[in-house]
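S.K.: Model the full structure from these sequences, guided by the hints.
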Amino acid sequence: MSESAYKVKVAKDLADLIPTFLSNRKKELEALRAALAAADFEQLRQLGHRMRGVGNSYGFDGVSDIGKHIEDGARSGDKASLEKHIAHYGEYLSRVQIAYE
Amino acid sequence: MTGAVDLAATARQAPPQPGFRVLVVDDDPDMAAFLGRLLAGQGMAVESVCDGESVMRSVLAAPPDLVVLDVMLPGISGFELCARLKADPATALIPVVLVTALEDHDSRVRGIQAGADDFLSKPVRREELLARVHTLRRLHETRRELEARRLAAEVQRKEAIRKAFSRYVSPRLAERIIGELGSERAAFGDAHRTEVVALFADLRGFTRLTESVEVGEVVGMLNEYFSVITEAAYRNEGTIFSMAGDSLLVGFNVPFPQPDAPLRAWRTAQDMVASFAPVLARWTQRGGMPTGIGLGIAAGEAIVGNVGSPHYMSYTVIGDAVNTAARLTQMANAGELLVSGAVYEAIRGAVPAGRLEPRGNVALRGKSEAIAVYSTRL
Chain W
3 MSESAYKVKV AKDLADLIPT FLSNRKKELE ALRAALAAAD FEQLRQLGHR MRGVGNSYGF
63 DGVSDIGKHI EDGARSGDKA SLEKHIAHYG EYLSRVQIAY E
Chain S
7 MTGAVDLAAT ARQAPPQPGF RVLVVDDDPD MAAFLGRLLA GQGMAVESVC DGESVMRSVL
67 AAPPDLVVLD VMLPGISGFE LCARLKADPA TALIPVVLVT ALEDHDSRVR GIQAGADDFL
127 SKPVRREELL ARVHTLRRLH ETRRELEARR LAAEVQRKEA IRKAFSRYVS PRLAERIIGE
187 LGSERAAFGD AHRTEVVALF ADLRGFTRLT ESVEVGEVVG MLNEYFSVIT EAAYRNEGTI
247 FSMAGDSLLV GFNVPFPQPD APLRAWRTAQ DMVASFAPVL ARWTQRGGMP TGIGLGIAAG
307 EAIVGNVGSP HYMSYTVIGD AVNTAARLTQ MANAGELLVS GAVYEAIRGA VPAGRLEPRG
367 NVALRGKSEA IAVYSTRL
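Chains as they are written, first to last, in this note's numbering: chain W, 3 to 103; chain S, 7 to 384.
What the hints contain is simulated information worked out from the structure, not anything from laboratory work.
By construction, the Cβ of each residue, glycine as well, lies at the ideal position given by its N, Cα and C atoms.
Restraint-style ranges between C-beta atoms, simulated for each label pair:
| # | chain 1 | residue 1 | chain 2 | residue 2 | range |
| --- | --- | --- | --- | --- | --- |
| 1 | W | GLU93 | S | ALA96 | 49 to 59 angstroms |
| 2 | S | GLY185 | W | LYS29 | 57 to 67 angstroms |
| 3 | S | GLY121 | W | LYS11 | 36 to 46 angstroms |
| 4 | S | ALA96 | W | LYS81 | 46 to 56 angstroms |
| 5 | S | HIS140 | W | LYS11 | 23 to 33 angstroms |
| 6 | S | GLN48 | W | ALA39 | 37 to 47 angstroms |
Here are some of the chain S residues that sit facing chain W, going by a computed Cβ distance under 8 angstroms:
| # | residue |
| --- | --- |
| 7 | GLY47 |
| 8 | ALA107 |
| 9 | LYS128 |
| 10 | PRO129 |
| 11 | VAL130 |
Far from chain W, some chain S residues (derived; all Cβ distances over 10 angstroms):
| # | residue |
| --- | --- |
| 12 | SER83 |
| 13 | ALA89 |
| 14 | ARG155 |
| 15 | ILE184 |
| 16 | ALA197 |
| 17 | GLY222 |
| 18 | ALA250 |
| 19 | SER253 |
| 20 | GLU307 |
| 21 | ILE309 |
M.R.: Next comes the structure, spelled out in structure tokens:
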């Protein structure tokens, strides 16, 4: 994912929801790591599915893209792919930059 | 899905406001908050719940104007919830928007089968959400307005019927008739043949009395007389079919079956005479002219129904029982009740022995055969 992918534009009227949104994403990341460690693919699929739905809605397209990869990886049981995308998710969350408009 | 996120921190419960109310159902608190924020921004009152059980509780406690329902819920699914809402007449008209994954065509088919009014795909686009909700809001408001108009027309129609029927029956019976309107049991339907007990009451000697008192006084006296005997008929759940001159026709076993119709007619006759006694005493004291009620009761098959023209309809009973009761009344003296043999047989077990005396077989005017007649002084 390129540097520009970490820049997101969020509608101003959602601004006060973003801290909780990001806090929940960090908890989600921990849940993904725990599910991967336990090889719980169903849990991984569900988490990925939810990321797909919620990310784009708030303007965080990267969350949805990574969620799709995690969902697909969980379906095919591709642990290496899951490891890669979960690591990428961690990087994304630590570097994401938000502009309100 | 596990508790990977903080439900309590995100699931916002908007305080109830007047206006258009939306219930958002999503187990993902961020999605619920997002949908709630967009809808609240349009001036809608939003409540968010995260599971199926809460949906039913919330809808029953305060029905919303719209439900935005995620299909993937823990416990009861969105499809099942939608089907439940649409199956209950109390909630069937509430529009439901199902929120599904974009490529999930199977979910859309299931949603249509469950009765969903519209669909939204995740990720939810602001413009699409608002466009769909506004369309459903307009539809819902139009539907609600039509329903309000229909209810108002229904109330008006029932009130007109209540007024019309209150001429014939007691207020309690009128309520029962109104309650049965539209049902297959509706009592005031088309004309039909049925067993009827007919009671005629007539004021003996009143015509002579009217010759010696002022017109205004005659009307006042008739009002007193009819008030008293009409109340007696209502107390025994009789149906008043006609009031003419100084006579009153009351039917029993119509419009609703009364297995004890002959006894009701008997009790009504007694009630009429007893209730009229104080009035009669005043009249006698005032004018000294002898008068009193003569009564006749007969039973048999008759045709009952609304008869007349589109401009004037009257609930009417026609048949031999009515004619016989009228003839018996003409024969009865003041304070006397004459009943036909059929009525006597029906009530003899409940009437003290000797109370009704046989008058033998009597040939009534207009009837080819003589009938058994019984008499009593009331």
